[in-house]
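*Asks:* Below, each chain spelled out in residue letters.
Protein chains: 2
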Amino acid sequence: MNKELSLLLDLYELTMGQGYYNYRRDTRASFDLFVRGLPKNRSYLVACGLEDILDYVKNLRFSETDIRYLKSQNLFTPEFLNYLKKFRFTGDIWAMPEGTVFFPDEPVVRITANISEAQILESYLLNTINLPSMIASKASRIVTQGQGKQLFDFSLRRNHGAQASLMVTRSSYIAGFDGTSNVLAAKLFGIKPSGTMAHSFIMSFKEEIDSFLAYANTFPDKTILLVDTYNTKKGIANALTMGLYMKEKRNKLFGIRLDSGDIAYWSKYARQELDRAGLNFVKIFATGNLDEFKIKALLEKEAPVDSFGVGTNMGASIDAPSLDVIYKLCEVTDEEGEFQPVMKLSKAKRTLPGRKQVFRLRDKNGKYRGDIIALEKERIKGKALLVKVVSNGKIIYRNPTLDKIRSRLKYQLSNFPKQLLAIDASYRYPLKLSPQLNRLKNKLSRRLEKRQ
Amino acid sequence: MNKELSLLLDLYELTMGQGYYNYRRDTRASFDLFVRGLPKNRSYLVACGLEDILDYVKNLRFSETDIRYLKSQNLFTPEFLNYLKKFRFTGDIWAMPEGTVFFPDEPVVRITANISEAQILESYLLNTINLPSMIASKASRIVTQGQGKQLFDFSLRRNHGAQASLMVTRSSYIAGFDGTSNVLAAKLFGIKPSGTMAHSFIMSFKEEIDSFLAYANTFPDKTILLVDTYNTKKGIANALTMGLYMKEKRNKLFGIRLDSGDIAYWSKYARQELDRAGLNFVKIFATGNLDEFKIKALLEKEAPVDSFGVGTNMGASIDAPSLDVIYKLCEVTDEEGEFQPVMKLSKAKRTLPGRKQVFRLRDKNGKYRGDIIALEKERIKGKALLVKVVSNGKIIYRNPTLDKIRSRLKYQLSNFPKQLLAIDASYRYPLKLSPQLNRLKNKLSRRLEKRQ
Chain W
1 MNKELSLLLD LYELTMGQGY YNYRRDTRAS FDLFVRGLPK NRSYLVACGL
51 EDILDYVKNL RFSETDIRYL KSQNLFTPEF LNYLKKFRFT GDIWAMPEGT
101 VFFPDEPVVR ITANISEAQI LESYLLNTIN LPSMIASKAS RIVTQGQGKQ
151 LFDFSLRRNH GAQASLMVTR SSYIAGFDGT SNVLAAKLFG IKPSGTMAHS
201 FIMSFKEEID SFLAYANTFP DKTILLVDTY NTKKGIANAL TMGLYMKEKR
251 NKLFGIRLDS GDIAYWSKYA RQELDRAGLN FVKIFATGNL DEFKIKALLE
301 KEAPVDSFGV GTNMGASIDA PSLDVIYKLC EVTDEEGEFQ PVMKLSKAKR
351 TLPGRKQVFR LRDKNGKYRG DIIALEKERI KGKALLVKVV SNGKIIYRNP
401 TLDKIRSRLK YQLSNFPKQL LAIDASYRYP LKLSPQLNRL KNKLSRRLEK
451 RQ
Chain E
1 MNKELSLLLD LYELTMGQGY YNYRRDTRAS FDLFVRGLPK NRSYLVACGL
51 EDILDYVKNL RFSETDIRYL KSQNLFTPEF LNYLKKFRFT GDIWAMPEGT
101 VFFPDEPVVR ITANISEAQI LESYLLNTIN LPSMIASKAS RIVTQGQGKQ
151 LFDFSLRRNH GAQASLMVTR SSYIAGFDGT SNVLAAKLFG IKPSGTMAHS
201 FIMSFKEEID SFLAYANTFP DKTILLVDTY NTKKGIANAL TMGLYMKEKR
251 NKLFGIRLDS GDIAYWSKYA RQELDRAGLN FVKIFATGNL DEFKIKALLE
301 KEAPVDSFGV GTNMGASIDA PSLDVIYKLC EVTDEEGEFQ PVMKLSKAKR
351 TLPGRKQVFR LRDKNGKYRG DIIALEKERI KGKALLVKVV SNGKIIYRNP
401 TLDKIRSRLK YQLSNFPKQL LAIDASYRYP LKLSPQLNRL KNKLSRRLEK
451 RQ
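So the sequence lines, in the order shown, correspond to chains W and E.
When the first sequence is numbered by the numbering used here, its final residue is 452 and no position is left out of the sequence of numbers.
When the second sequence is numbered by the numbering used here, its final residue is 452 and no position is left out of the sequence of numbers.
Rather than coming from a laboratory, the hints here were simulated on the basis of the structure.
Please read these numbers as outputs of a predicted model, since none were measured by experiment.
Incorrect hints may appear among the rest.
Identical chains blur together in the list; that is why a pair holds if it fits in one copy or across any two.
[Stated by the list, open to error] For lysine-lysine, the following DSSO-like pairs were computed, each having C-alpha atoms within a straight-line distance of at most 30 Å: (1) Lys58 <-> Lys377; (2) Lys58 <-> Lys187; (3) Lys40 <-> Lys294; (4) Lys296 <-> Lys192; (5) Lys296 <-> Lys40; (6) Lys85 <-> Lys192; (7) Lys247 <-> Lys71; (8) Lys234 <-> Lys388; (9) Lys40 <-> Lys418; (10) Lys450 <-> Lys268; (11) Lys206 <-> Lys377; (12) Lys268 <-> Lys192; (13) Lys206 <-> Lys441; (14) Lys234 <-> Lys294; (15) Lys249 <-> Lys283; (16) Lys252 <-> Lys301; (17) Lys86 <-> Lys388.
The shape of chain W in the complex, shown without the other chains:
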């Protein structure tokens, strides 16, 4: 993380920090970061963002200018500002590794630390889990419907800023996308950059075929011709001519791109024409406001598309542009320094008390049959999804490669009930609380309700 981002937090993290400093200085606490409810069109979510979080935790310091700025707000005591000056995160963090499939109410990240330290992390952690997990979940749906066709992230122009575009490329790659048009993202993450041509290139020549020829001569084996600038039928005919010209010169037209109109119709037409002309190696790319529903419809119509370029719908997660990520206190030490479970009662926003772990259970065939949210110390026969990544402020987790994360997700998805991947997202994977957690929750609710 850029150290200049340390003040990227909600003011109340610091005002509460001042309150904790005055009244709760040695209090320790645990917080759960989780998602409340599935968004539209989702039956599962994909954990992403941990690498950034670890980088942030490692580098979190308040600079002299930060402190000066905070001082100018007339909210904080000199002692607390001094505490911030020396601030380091010294607690523990448990998290689901990136690429882990998760569900609502399951802690994705769990912090145990001095309560001020844990509180100061809140805003950045929520922000940093929200976008990549949301994008990976959306992109994963597209990958499922893509049925093995190549998928490219073409969303740079509609992402929410430059940094978002990098996170989107990374997340879509984790979900199974094959490449991206975003050169910087490709460079940073070691992903293949990919691109075709824009209408402007064609329009800058007097005749469409002249622009095709210029491109073909420039990229003898990587040319993808965009055929819908003026008239798709004519554009396909011109691409055909160019394919034959290139073949004659012992080059190879790589593909054509359809960006508008009836993609099913035109891809079939183009495929037929290309094959008939002996250009069966020329690939067909489709773009233009695609999402998982449109890709599914195209493949159901047997549109012979080889590669899909997906932009806005994936890169801004148009149907669900935010996850309901929250960060809630689940235990806190009492005067004797003993951790006591806590929960929030407010209507429809109850939280689960205690320090928890998530267990994923398998059936006899090794397939996932349900998750159990349990108290940390319970012994449950299943894989514990939260792993310790920070111990006493020290990062003890080694970030896997992107390909490893991608494989993890792929492996996991292959082990869930198949309905989980259905496009209508109606399937609900079995999710339970352990009897102990359930008992604690009920006991605590009753106690709190009685007290009110």
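Use these hints to put chain E onto chain W, whose structure you have.
*Replies:* What follows is chain E alone, placed relative to chain W:
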């Protein structure tokens, strides 16, 4: 701009660049950046993002490592890589100043430059206009419905990354928001940071009232108590007690916050109780999934809310998380070096040819009565909205202060027909093409259609 962002572009900008380099080296061209169609719930848009664009244009260079990376892709000739090494933007840019109200098809930014240079700018410019303009437009709707109540940006946790959060705060301030919880954004843009307390603070104490007392003692005149952690009625009663306690100590409870449940009901109840207790100065804050529709409904029910904290719905522009921003070639030089207008014909995606200007017309009373998109050289009696900001690669525009931009928007909105601000966004502001532009469009369409 961070110089490390120079490769933040779609690969095809560079492959086309190579094609232009080979076949169109001295060609000059103009591109329009505009929005195709209004998104859901919008009757107008607000131009934002220019400051970032100018910063980008000024600093755009390809570093040694950028060049090395591009070389490794085996796509580019040594000559072209050498061209990139020396790359500077040397063209002209016209743009609508930030805070300008605009409509679909109106160029918001217009570039005239060597065609490669103009092409290389495409992705970053689109990305950089999209988010802030979208957010400013959404936030502006909320400001209208807020009817002068205070509005705070609480969206950091759900923005698409850290950088997006900064852009969101800036855009919402331009639209008329009063402050933000985002401390870094507040610091960078000179906006007032604002905050209350979270449920965790309350839950970290044994009794709600203990947490209230701790906060009250910490912030004798800035305490805002969150009252819905366990039971809203009891929370309000505790806040009341605290208000009286603070009054007794000659301090002042600043406010209470409602974050769930029936805000209209509870705000009325709390107002009544507070007033009855002589605490009429205590403000009521409302948060919790608010947007312009909910704020309107609350104010129609005469909910006595003083300040609204708006998060996700504004900060991720939930109802319209992307604008259909595009960047289209509108003229290009021919062999004689003369600019010739061009356009794209493909179905439902036609573009407007020629170098254009947008004129905003007033009626006798000085109110805006319609916009005309015209050719640049036409004389139209109206305010020309595009101003020259870059001349031969030199920035000639001085960025106004944020407050100036905010005032510009406020002034403009007060001069449009009132229906433009209606929440249903059904009003369509009159938008015409000039006769000359219309003639050119028709002539060119016919010519292009005949050629196909």
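*Asks:* Indicate, hint by hint, whether the structure satisfies it.
*Replies:* Quick rundown of the hints versus the structure:
1. Lys58 <-> Lys377: within (28 Å within a copy, 57 Å between copies)
2. Lys58 <-> Lys187: both (24 Å within a copy, 23 Å between copies)
3. Lys40 <-> Lys294: both (17 Å within a copy, 20 Å between copies)
4. Lys296 <-> Lys192: within (25 Å within a copy, 48 Å between copies)
5. Lys296 <-> Lys40: both (18 Å within a copy, 25 Å between copies)
6. Lys85 <-> Lys192: between (42 Å within a copy, 22 Å between copies)
7. Lys247 <-> Lys71: between (71 Å within a copy, 26 Å between copies)
8. Lys234 <-> Lys388: Neither, since 60 Å and 39 Å both go past 30 Å.
9. Lys40 <-> Lys418: Classified as within; 19 Å inside a copy, 35 Å across copies.
10. Lys450 <-> Lys268: between (69 Å within a copy, 26 Å between copies)
11. Lys206 <-> Lys377: This pair counts as between: shortest inter-copy Cα distance 24 Å, intra-copy 73 Å.
12. Lys268 <-> Lys192: Within one copy only: 28 Å inside, 58 Å across.
13. Lys206 <-> Lys441: So Lys206 and Lys441 pass the 30 Å test across copies only (17 Å; inside, 73 Å).
14. Lys234 <-> Lys294: Within one copy, since 25 Å is at most 30 Å while 51 Å is not.
15. Lys249 <-> Lys283: within (19 Å within a copy, 78 Å between copies)
16. Lys252 <-> Lys301: within (28 Å within a copy, 68 Å between copies)
17. Lys86 <-> Lys388: Close inside one copy (25 Å), not across copies (48 Å); limit 30 Å.
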